[in-house]
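*Asks:* In order, the protein sequences belong to chains A and C.
What the first sequence shows, in the numbering used here, is residues 645 to 1325, in sequence order.
What the second sequence shows, in the numbering used here, is residues 645 to 1325, in sequence order.
Hints are computed from structural coordinates only; laboratory data are not their basis.
Heads up, the beta-carbon is just placed ideally off N, CA and C, and yes, glycines get one too.
Mixed in with the good hints, there may be bad ones.
[Said to hold, decoys possible] 27 Å max Cα-Cα, derived DSS-like pairs, lysine-lysine:
1. Lys-1214/A to Lys-1163/A
2. Lys-1176/C to Lys-952/C
3. Lys-1254/A to Lys-952/C
4. Lys-889/C to Lys-674/C
5. Lys-1227/A to Lys-1055/C
6. Lys-805/A to Lys-757/A
7. Lys-934/A to Lys-999/A
8. Lys-1109/C to Lys-1227/C
9. Lys-1055/C to Lys-1254/A
[Said to hold, decoys possible] Not everything, but these chain A residues come out facing chain C in the computed CB check (under 10 Å):
10. Lys-844
11. Tyr-1035
12. Arg-1250
13. Arg-1280
14. Ser-1300
15. Glu-1306
[To be verified] One-sided and incomplete, this derived list gives chain A residues near chain C with beta-carbon spacing under 10 Å:
16. Leu-1129
17. Trp-1169
18. Gln-1272
19. Asn-1277
20. Asp-1287
21. Glu-1304
22. Pro-1308
Listed here are the chains, written in short residue letters.
2 protein chains.
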Amino acid sequence: MKIGISLLFIICAVLNMNAEDGHSLWLRNKNSVPVNVVCTTNSPTLSVARQELQEGWQGKAGATIVLSITKDKAIKNDGFKLSSRGIEANTKQGVLYGVYELLRRQQTGEAFKDEVCNPSYAVRVLNHWDNIDGTIERGYAGNSIFWRKGETAFEVTDKDKLLWQEYARANASVGINGTVLNNVNASPLMLSKQYLERVKAIAEVLRPYGIKTYLSIKFSSPALIGGLKTSDPLNPDVIKWWKDKTKEIYSIIPDFGGFLVKANSEGQPGPQDFGRTHADGANMLADALKPFGGIVMWRAFVYASNDKDRAKQAYNEFMPLDGKFRDNVIIQVKNGPIDFQPREPFSPLFGAMKKTSVMPEFQITQEYLGHSIHLVFLSPMWEECLQSDTYQEGQGSTVARCTDGSIFAQKYTAIAGVANVGLDANWCGHHFAQANWYAFGRLAWNNRLASETIADEWLKLTFGKTEPSADWTEHFLKPVKQMMLQSREAAVNYMMPLGFHHIFAAEHHYGPGPWWAPKGIRSDWTPPYYHKADTLGVGFDRTQTGSDAVEQYYEPLRSQLNDLKTCPEKYLLWFHHVSWDYKMQSGRSLWDEICYRYDSGLQQVRQFQKVWDGVQPYLDAERFGQVQQKLRNQCRNAQVWKDAGLLYFQQFSQRSIPLEIERPVYDLEFLIHGDSQSRNE
Amino acid sequence: MKIGISLLFIICAVLNMNAEDGHSLWLRNKNSVPVNVVCTTNSPTLSVARQELQEGWQGKAGATIVLSITKDKAIKNDGFKLSSRGIEANTKQGVLYGVYELLRRQQTGEAFKDEVCNPSYAVRVLNHWDNIDGTIERGYAGNSIFWRKGETAFEVTDKDKLLWQEYARANASVGINGTVLNNVNASPLMLSKQYLERVKAIAEVLRPYGIKTYLSIKFSSPALIGGLKTSDPLNPDVIKWWKDKTKEIYSIIPDFGGFLVKANSEGQPGPQDFGRTHADGANMLADALKPFGGIVMWRAFVYASNDKDRAKQAYNEFMPLDGKFRDNVIIQVKNGPIDFQPREPFSPLFGAMKKTSVMPEFQITQEYLGHSIHLVFLSPMWEECLQSDTYQEGQGSTVARCTDGSIFAQKYTAIAGVANVGLDANWCGHHFAQANWYAFGRLAWNNRLASETIADEWLKLTFGKTEPSADWTEHFLKPVKQMMLQSREAAVNYMMPLGFHHIFAAEHHYGPGPWWAPKGIRSDWTPPYYHKADTLGVGFDRTQTGSDAVEQYYEPLRSQLNDLKTCPEKYLLWFHHVSWDYKMQSGRSLWDEICYRYDSGLQQVRQFQKVWDGVQPYLDAERFGQVQQKLRNQCRNAQVWKDAGLLYFQQFSQRSIPLEIERPVYDLEFLIHGDSQSRNE
């Protein structure tokens, strides 16, 4: 008996070693057939390309594939040309991307034809909000893969290098070619020798995969670590300090990408501290980087506490500077005018800055979309933004076309995604959050891709078999893809439907807090600032008779948004203060519609649970169980959101929740003050 | 402005004084019309009767009503004869009960005809599990109205007396004529001078309302407070001590009712400690009480940890003693063989003890039925027990008829209800828990009453207007009555359907704990003892091939319960260990049926919420809001129960939850180990 039990333990231990932890992401194909790879040029990047082909080839056994560097004007940047012969590109990275594309098509069963594939953006970069102590701001998947504190902070282990390589490979496989290694709320120590040495070690691992490293800098670094009395960007000593520091960085990391800057925002220092403009600050850094080919990504995420409408401020502050930036400065603009909400209209800066390079910033980490607990596929949100028509240069002036060089000649085109990667075995906390990393890369490469295509690819790569059966397609792929595609709208419904925004609780931005407004806190950090509920109605009046934020949009959009009757209902409470009795397109009153939306969000999550439980036979127990558990938690939290929304706003609407709707199960007091209520309340 | 606000406060304060707190129970009618009451006899009880009539009369203005004491053989005990002339009874209490009946009929609009109304049981008694320190065992409505600790413990205030009077009136209005003032787990100090003096004060307030006082006694009192070396019931000193003590009690409280005894049960002392039988102990006390007309209510709630089936033990221990008890001893038997579960079959002692007086004990306080949080109308549960056919003396030998003297000649007939009354303003914690107090009284008076009738009466008296409109009847009375009548079955569904029992968590008996089995605890205090789940099936095999508890029931019931095919499904898992795949009457497997039942319980509570929210216009805001809040809590807890049931038993069944069913939202780990899991689990 004892031997039996010991054996059982051993078997369990072995099984556990092979347990599916999700670490392989969407890179799972190992069952290759022989392929003959011909490549006349030698380079680390091309070696990676060759190896990937050899390990992942799914085509005809013994086929010959030629990888070649060419000079083809039809190929842009790191683009490539796919043909039955092989892959041609103008750069080594282009060849690598071509290999990943080829393998993806083989694995997903997508048709293979001769074609040129060019990236939508030249710079496709992740922003890691990783602090040098290893924590991650808005990170929900463990600590940083780059930084740690303590005695081993600067030790580069084989384990580190393996993890960085896996990270680089994952990024390269979806076309990401840059990464900012540290938080935009940057420590000045980032630019000190010890940290730069670690950056060098990381960069060396990333380089063969075509990934450039970038750093966030603290604008006051010259004073903080340089011994200067000022960080004024027009001060010659400051200018020299940055030039010297930049030179030092390039001496350590020759292919360094450049700086990301959060300045004069949420307490961060910036040029305005010295009476200078954002352009003064950005240009000073740009001049230092210019000789080395580096760029400055300067964030437009600024707002002041005294402003009447936070949504207007980035535009107000940056538009007067249009045309005043160096050509290696790119203004990095969040998709919406506030802050990564579940739904925002696009930022009016897109298309409006015509003489300045502008890049979209998306948030992959789910700060406002359920952290790593909620299953929310973000691609539809980004697609919605990219396909929004600014009308700035006539119909069809989408955000995508306004930022990818199609309309405006930008020296650099770029797109950034705030990473959701951490030390968790599955990288992203939630297995389905991997899809958001994947989707960002795919949209950065091709900003016209449909979310459905991306979900389809990702599911096949992540959960599929080499030759998926009709049964798997029908009973796993189809329902799970549908769930993914509905998931963001569900989150909008149960969190903040119809244009509600920023009604989160306190600092954590997870649960509901429409009531949250402690004394003494700046009002634009409190939800009531955003929802403006009163007995007459609810919503932020941004029309011409309100804050006139609509003025920042171009006609005919401006008029469309300004008019209650033509404003899309999904943005209704963003732009209008609307009477509780206002008749919606559904025929319901606004109040009833709010109730229905909140409830439908909860019902959708319940439906997702059914979908997921239904696919149990089609995947490993580990990922099934973990996602099942997360969905349960999401459902509980959707209930909390729904109840908070209904019961809080009901105080103002003074109207009944339609009786057809399932009733709240929490009391408002409980939701506001937490679980001080006991079982025996 | 300041004056305005001050005024507002004053108005609010005044309104608050008139806020509906539920304290008036079902005794709300104050809009009387003049009536001429003729009563030739004088007594405190008849004064109460007169006053009630004068304050509550709803009949013809100026009518004359004669209250008279008569000697009518058609009238039994405290019964009465109602006629258009007035009320006749053999006792003063009978007259008072007639008055309450008359007023109830006027208020509920029930037809009035000449008739004799006799009580089903002579003794209709509440058991207060109130400790002398003021706490209440299994009390969920605040501390004791009788006892308190501290310096004022023995002070009798006007406030005390008013409360006791209100309590007495409420009881009398539904025919309750006795009350045991202290916990069956009794302190010996209860019989000390100071406490007896307080009992005297209470008895004086209760007496005019026809309520006798009783006390629970600790069997070892002679040793504990009497200075004796033993409490052996056959010891002459012990016998004398009890005689003296009884005499002392009667000298203080001349109409004292008698003793309630929990002996040799759950650690309480008893005659078996001295090698004597329950009969020896009970008879010794009965002999002491006999000269004064007092009775002994001796509880049959006994079980030992070493027994293979707790359900059998009371029967096994008491049946050999049948015929050995004095005629002023009544064996008090809980409705089911275990312990006040949401559903139990009736105790096999009913009808089996043919030469001993037996009385049913019901539990009004909702120890196992959601405390004062869940809305559960218990009348259907008691009705189910009372109408159960024991077959002991042929078909129709219901528990009701076996205990009320219809079949067996008992000197005393009695029924007990464990009270749910405390210091809470609304007496019972939950406004709807008042209905259980009411229902117990009504069933004690008439054990053939239908629960629907009782609910109808109670709702009209508690929420109705003097002349209820058709609108109120249709939109309040009808749906709320339906909700009440479904509420117990809903609780069975979400807590323990299909014969599950005692799968509660730990000590508090509120939430689910089918897994609960700490090391070292006696197994019959742990749920796995009761559900016996394994991979083959679930349920306690009490058939002839199992514990043979069915043997305690009389044919043809015994055979019916013994056979899986004929055992009512509501008792299935009580009597059988059933395969997970067993095909139920619904056509579903047992496992699927368990899932459906748990889910339907939750759905029912959600429906109750809708019903209640729908009646908001028909009642005061206070009671509406409080019940709404409780229902929300109940719904949350129904979800916890459902999830616990499904996920715990799924470990054994290894079967999927049918996909049509809403999925669990809690994880089993969370349910077992509490909220150690954080938001970011």
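*Asks:* Decide, hint by hint, whether the structure agrees.
*Replies:* Taking the hints in turn, this is what the structure says about them:
For a cut-off of 27 Å, the pair hint linking Lys-1214/A to Lys-1163/A is broken: about 31 Å separates their Cα positions. A hinted pair counts as satisfied when its Cα atoms are at most 27 Å apart, and Lys-1176/C with Lys-952/C qualifies at roughly 13 Å. At roughly 42 Å between alpha-carbon atoms, Lys-1254/A and Lys-952/C are farther apart than 27 Å, so this suggested pair is violated. For the given pair, Lys-889/C sits about 44 Å from Lys-674/C by alpha-carbon distance, which is inconsistent with the 27 Å threshold.
With a CA separation close to 73 Å, the supplied pair Lys-1227/A and Lys-1055/C exceeds the 27 Å bound. Between Lys-805/A and Lys-757/A the CA atoms are separated by roughly 37 Å; this puts the pair beyond 27 Å, and the hint is violated. Annotation: proposed proximity of Lys-934/A to Lys-999/A holds, straight-line Cα distance about 19 Å (limit 27 Å). Taken as a hint, the Lys-1109/C and Lys-1227/C pair is broken in the structure, with Cα atoms around 50 Å apart against an allowance of 27 Å.
A C-alpha spacing of about 62 Å is found between Lys-1055/C and Lys-1254/A, which places the hinted pair above 27 Å, so the restraint is violated. The interface hint given for Lys-844/A is broken, as the beta carbon of that residue sits about 34 Å from the closest beta carbon of chain C, more than 10 Å. The restraint placing Tyr-1035/A at the interface with chain C is violated, with a minimum CB-CB distance near 42 Å, outside the 10 Å limit. For Arg-1250/A, the shortest C-beta to C-beta distance to chain C is roughly 6 Å, which falls under 10 Å, so the interface hint holds.
With its C-beta approaching chain C no nearer than about 5 Å, Arg-1280/A sits inside the 10 Å limit, and its interface hint holds. Here the hint on Ser-1300/A is kept, as its CB sits about 7 Å from the closest CB of chain C, short of 10 Å. A least Cβ separation of about 6 Å between Glu-1306/A and chain C falls short of the 10 Å threshold, and the interface hint therefore holds. At a threshold of 10 Å, the smallest CB-CB gap from Leu-1129/A to chain C is about 20 Å, leaving the interface hint violated.
The interface hint given for Trp-1169/A is broken, as the beta carbon of that residue sits about 21 Å from the closest beta carbon of chain C, more than 10 Å. At about 8 Å, the closest approach between the beta carbon of Gln-1272/A and any beta carbon in chain C falls short of 10 Å, and the interface hint on this residue holds. A cut of 10 Å between beta carbons decides the hint on Asn-1277/A: the least distance to chain C is about 7 Å, and the hint holds. At about 8 Å, the closest approach between the beta carbon of Asp-1287/A and any beta carbon in chain C falls short of 10 Å, and the interface hint on this residue holds.
About 8 Å separates the beta-carbon of Glu-1304/A from the nearest beta-carbon of chain C, less than 10 Å, and the hint is met. For Pro-1308/A, the suggested interface contact is upheld, since its CB lies about 6 Å from the closest CB of chain C, less than 10 Å.
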